[in-house]
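Single-letter residue listing:
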Amino acid sequence: MKLWKTVLAAAVLTFAAITSSFAARTDLVIGIPLEPPHLDPTAGAAAAIDEVLYANVFEGLTRIGPNGEVLPDLAESWSISDDGKTYTFKLHTGVKFHDGSDFSADDVKFSLDRARADNSVNAQKGLFAQIDKVDVVDPATVKVTLKNPQGSFLYNMGWGDAVIVSPKSADANKEKPIGTGPFKFQSWAKGSSITLVKADHYWGAPVSLDKVEFRIVPDAAAAVPALLSGDIQAFPFFDPDSVSQVKGDPRFHVVIGSTEGETILSINNKKPPFDKLQVRQAISFALDRKAIIDGASAGLGVPIGSHMSPANKDYVDLTGLYPHNVDKAKELLKEAGLENGFKATLKLPPPSYARLGGEIIASELRDVGIDLEIVPVEWAQWLDQVFTKKDYDLTIVSHTEPNDIDIYSRKDYYFNYDNPTFDKIIAELNLTSDEAKRKQLLGEAQKILADDAVVGFLYELPKVGVWDAKLQGLWENAPIQANDLTKVKWTD
Amino acid sequence: MTAYLAKRLIIAAVTLVLASMVVFAVMEILPGDPARLMLGFNASADQVELLRNQMGLNAPLVLRYLHWAGGLLSLDFGRSYTYSVPVVDLVRERVVVSLPLALIALALSTVIAIPVGVFSAGRQGRAGDTLAMGAAQLGVAVPNFWFALMLIYLFAVWLRLVPAGGFPGWNAGVWPALKSLLLPAVALALPQAAILARVARSALIEVLNEDYIRTARAKGLPYSAVLWRHALRNAMIPVLTILGLQFAFLLAGTIIIENVFYLPGLGRLVFQAITQRDLIVVESVVMLLVAAVIAVNLLVDFSYAVVDPRLRGRQ
Amino acid sequence: MSLLEIENLSLVIGKTPILKDVELAIAPGEVVGLVGESGSGKSMTALTIMRLLPHLARASGRVTFDGIDILAAREDQMCALRGDDIGMVFQEPMTALNPVKTIGEQVAEGIRWHTKASRAEAEERARKMLDRVGLPETKFPLSRYPHQLSGGQRQRVVIAIACALKPKLLIADEPTTALDVVLQAQILDLLRDLVSENRMGLLLISHDLAVVTEMSDRLTILRSGEVMEAGDTASTLSAQRHPYTRELALASMHMPARPKTHQAGSAKPLLEVEGVSRAYPGRRVSLFRPAQPVRAVDDVSLTVEPAQSVALVGRSGCGKSTLARMILALDKPTAGAIRFRGETITGKSEAALKPARRDMQVVFQDPYGSFDPRQKVEKLVAEPLHLLEKQPAKAERREMVAHALDEVGLGPRDMDKYPHEFSGGQRQRLSIARAIITRPKLVVADEPVSALDVSIRAQILDLFAELNQKLGIAYLFITHDLTVARAMSDEVLVMHEGKIVERGRTAEVLDNPRSEATQALVAAAPDLHRAIARRMQEQG
Amino acid sequence: MTMRVDLPDETLAGVLAKAFGNRSFLIGFAITLLVAAVALLSFVWTPYDVTKLVIADKTEAPSVAHWFGTDHFGRDILSMIMVGARNSIAVALVAVGIGMGVGVPLGAFAAARGGIADEALMRVNDLVFAFPALLSAIMITAIFGPGAVNAIIAIGIFNIPVFARVARAGALAIWPREFILAARAAGKGMTEITVEHILPNIATLLLVQGTIQFALGILAEAGLSYVGLGAQPPMPSWGRMLFDAQTRMVTAPWMAIFPGMAIVITVLGLNLLGDGIADILDPKSRRQR
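Protein chains in written order, with my numbering: chain A, 1 to 492; chain B, 493 to 807; chain C, 808 to 1347; chain D, 1348 to 1636.
What the hints contain is simulated information worked out from the structure, not anything from laboratory work.
Only a predicted model underlies this, so the values are computations on that prediction, with no experimental measurement involved.
Be a bit skeptical, because a hint or two may be false.
[Unchecked claim] The calculated lysine to any residue pairs, modelled on SDA-like cross-linking and capped at a C-alpha distance of 20 Å, are:
{"#": "1", "chain 1": "A", "residue 1": "K290", "chain 2": "D", "residue 2": "R1470"}
{"#": "2", "chain 1": "A", "residue 1": "K276", "chain 2": "A", "residue 2": "S309"}
{"#": "3", "chain 1": "B", "residue 1": "K499", "chain 2": "D", "residue 2": "V1401"}
{"#": "4", "chain 1": "A", "residue 1": "K96", "chain 2": "A", "residue 2": "T145"}
{"#": "5", "chain 1": "D", "residue 1": "K1399", "chain 2": "A", "residue 2": "D367"}
{"#": "6", "chain 1": "C", "residue 1": "K908", "chain 2": "B", "residue 2": "R725"}
{"#": "7", "chain 1": "A", "residue 1": "K174", "chain 2": "B", "residue 2": "R571"}
{"#": "8", "chain 1": "D", "residue 1": "K1399", "chain 2": "A", "residue 2": "G369"}
{"#": "9", "chain 1": "C", "residue 1": "K1306", "chain 2": "C", "residue 2": "D1288"}
{"#": "10", "chain 1": "B", "residue 1": "K499", "chain 2": "D", "residue 2": "G1462"}
{"#": "11", "chain 1": "C", "residue 1": "K1306", "chain 2": "C", "residue 2": "R1053"}
{"#": "12", "chain 1": "A", "residue 1": "K125", "chain 2": "A", "residue 2": "D367"}
{"#": "13", "chain 1": "A", "residue 1": "K211", "chain 2": "B", "residue 2": "P714"}
{"#": "14", "chain 1": "C", "residue 1": "K923", "chain 2": "B", "residue 2": "A717"}
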């Protein structure tokens, strides 16, 4: 077998010699799982837009660093008034957009005003809700006045939705994005790849890559061979389930980081019998988180007991509340008058954590008498049926937005959860800036969700990155969904 | 000749129109509101309604069909809901992948199948025939996607001879582009070649039993000359029929194969569009594929007339 | 010295013996007839000479052609012989030509192959050859395809291919069996002329004793792979020394006994056909001109009286079978009316037709195709009982079937067999049993004996005659064979191009034909008596 | 293209004798029997419970305990293949049933009636054949949701025109035969002739086409399951197993190899069986794919 392989390989060595190049590399092919619907980060919620463009093509006043910290970007520095309402940003000079036009304070005002306008299509208008007015002091200075002090304002300005665009090109960004970043957009082969090349006159630290291609690989099955054959050199968001395929291979660097993704078994709280607390608790007791993490996430991922990332400073460990206990679950079902079990559906969106986790959960719930029919759905259907119409019993999804515990207080959110006590805590939290008080409120909120067993809390989604071992500078964690390539280079 | 061709042409046109109605009707009953999909979940009902009006989704059914069908005729397929670019642009980018892929696969399967069929028919019942037809039986039984997986691991992962998938684009040069189409084409072609070889063989054997083969032999032509000069052309009709059917099969096969090799072709476009409920893309691409199948079948009908003078009528 | 000499030839296909110790010799310029019934090994003898036998065939003995040992020759030697020194003409002209090649190509191909002539030269020779066989280029250009020619014309092309290089030996295997009598006479004339022009030896294979007698100097009679008798044609047939020879000769000229002859006008007509026409939509020649309908049957009128036997004769394609189908209400006339027992049957529903169908049954030509192979004889023969007002019980039905089988000379045990277990002649008996089980008044028989060997044919004709005499069944006998018409019918109708051209007492019409069409038919029809007489005369 | 239907001249004993001398038939029959037996056996016994996930035993290589290894949930692959055979057979069988049940009467009717009915059927057939079957199956399952039942419908629908065409072509070849004329002369109507004479005589043709469609059905089901539109977990299906295997080819190739072989062997068996039947009963009928 080995010999056979050698002979075959030798026979075609000539091909290999022709096709491979030994020059020092300045190009990179990155695999991304989803294709962006368009290329304007200020006009869409899709994470895939940021994965391609954030920090590479577009820059904001501030930016988020590899570990979630706020860093200066187009704003060289800033000052905050004492009442916390006025931010004065000092901008970098000599910055040019990729179309050659100069960047100035006017562009900042334009971008922020555009994002918060009534007819704005910005997906995160909430980020700009507190802005009262934006004033151009001079070409290199901008003053932003807030309606109320906002602790997260600088962080907000680092979001992809808050990047600075040029009035000249803003409307065309969906097809031909023009930013100020170190890379400029070159081409987009729909359904296949998006190519960026090094920008001609970049104001900041020079980047070492000349050309970056984001190749769209939705299938984990295709990702593994593409990686193994060297066609694609990096998958910053690799399917955890496939990680065993490349783990231990010295050619690759496998990085397990954290995300803000709480992976949960969502429950339709208004739909009988899930409106009964005992039923929801029974489900929580029936779940074996270790088996789920092992089976659906290659053993990666930290169990959670409520809706909060274990990495968060306000995290409370509630995983002990519902240990895996089949008897207890059956007992609770009996209390709920469902000792003979019942049937329900489990709608599963495409990611492997949902599809694989769903099979395991269905098997675990079957053990306590709940017979689940698995209904795989595409994202579009999931959004339509589950998220919008709330036509579901159970579903599995990872909520990847950071600090999003407030979703449980939203009216009409797809959990159909309604708890005035919880709503009050969230309302109070929104008006509180005192760290200790916030920690206490968040703790209470987590406890309520856990006690109510609103959903089945599973685990924090890991961020698995796999890339060529010779590649340096890619983010290990995912504080936001982005592929910052500014520090990426090949070593030899 | 004209009457035959005219009849085939009319049938093809009628089929095309009926097919367009079916496609349109199916799209109408597909669940999922494209306007809501475009705007996302945070959009209000009013915004959705506004967009629905803009997109013409509220117009009467017949008007929408006529508008759509009229657009198809003038190559105006509308704009993709998800990409918000003209569908025709998307299609243009994809056709340059799918069409060469299908053609290479078709050529490959023909080039493999016909000689094997002739070889087997000439040695009917002997060891060579048994061996070739055994292999063909096996080829017919292999699911192409499984075969594709095995090919990827053998040639791309293990031997690293060809890319595991993806398409560098024709701009990257003809050879790299062809190289990335090689494995998918083989995966598509081999099972089809197996079917075609079997058909070619049985058609040839049937023809070889005809009286005119004996006439040709009685003229003093050696067996091989009879096989190539007299039998093959007569056996072409069933072979052409299968080739026509295979084109449709290859087109459909590209849906899975393009997914396995993540080639940015029409098959993957339509598969993605189905999952994303990008109806306008789905209906356009499906129509295009259907039109291609109809066109190929028409071509097959025409080629019957070329091969078989009896269809050309009295001169 | 003989051109071809076959000694002790035996042939086995698989394990089945086909030929046994066959001896045959042909001198240059000599015509030798090879006669035998189906399965006697005639064609296999021919294919052995050509060395075109099926794969599993094994020949032993000696076949010498022009000094070459055929059985031992290499394949390339055989290729050099075939088409050059030995030509062959086959039975089925409709399928003997490659449909996708022009006749010019097919004639020129052999010429080019053997003479290495240029394309133009070969075409020139092909043109001359086609002209010689009666297909002049002005009317039949080389670019014609086989489907554009009729059966007789195609057979001429096949002959052109076989004779293009003036072979020393021509083998003609039933060259006229698929053609009607008029065409048969023309093709035989052509063969005779070609043979004498080029001093070719001709091996003429036929089941028809009359044809062979007319054509050949010597004949060999084959039965079950063995030579029964061989010798000079005239003396062999006049002496009839071998019993099989006598049997064949007698069967060929058999006239069944029909003591009660029918007197025309003696009764009210059973069947009346009045001005019936049948037109088929024609081929569209142009998109802009409507197609001209083809009239297969054109304004035909006839009557059949009870117990009368009427023969309907004519060349192939003259509309005989179409007319028969309309009479049987299996096809609708485009004009005219058909009355059965005084009642109009055209345009009636199946239900209304039942009584008429009960009294009018059919016997078809092909004894193999006229039975559903999946059903047993009982069910097949009982099928018309479906037409009875009152359906018989199972036992009664078996009784009726047994009776019908008895009448046609089969036993009641045959009821539980499948049709394939019977021979061709027995099947035709089954067919007749099926036709008479409802005691019909009229049986339409469409070429009922033309697929049968002569000896069987005689028996079946006897059966038909007997039933007519015994049961008083009227016949409409459709045939292209004047011998059959003469043997079976009281009256004869001659059909030509959709029209009835002559009608009258059978003997009168056939002895003194008045219409041109009838005269042609009579002149072309082979007649063993006549042929033997002529042979005797020629030899003095 | 005209279809030639040769009517067999055989007794049952003769057919059996031929069957035992036909290599294709014997191998095909043996394989088909084996697959059917395995599927039946799986109702009462499998080496392991396939509904039980044992995450701790996941992706174990073939061993004495697990002959074909385990999958990513620690299930025994051999047991999964056994139960999966059930699914494949059921889907393909019902799909063939739909195709025959609807297609054969349609085709036989069109052949018997001729004229407009025939023309209409042929046009509808053209229409259906214009849609690449797999594409349409994907669309059908996308509309009605994935699942075994919808897969059956999607595959079954595309069997209808196939059987309609075969039945029509076969019937058209029988109708002009003299024994049909004889039956008509015996006063039998269109329906009686179709039932008594036409159908029994095209049964072989349909049987052969049935085995082909059966095999194609198994391939189609595998294809649909492979793109996630066929049978849903926990019901094991071969295509689904390949789908699960494809991301684990490097570490657990047995997950792909064995189900793939199961498909290949089953389809091979059915095709050989079909070839064999065709050889035995109908040596000259042209098989259509």
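*asked:* Under the constraints set out in the numbered hints, which ones does this structure not fulfil?
replied: 1, 2, 3, 4, 11, 12, 13
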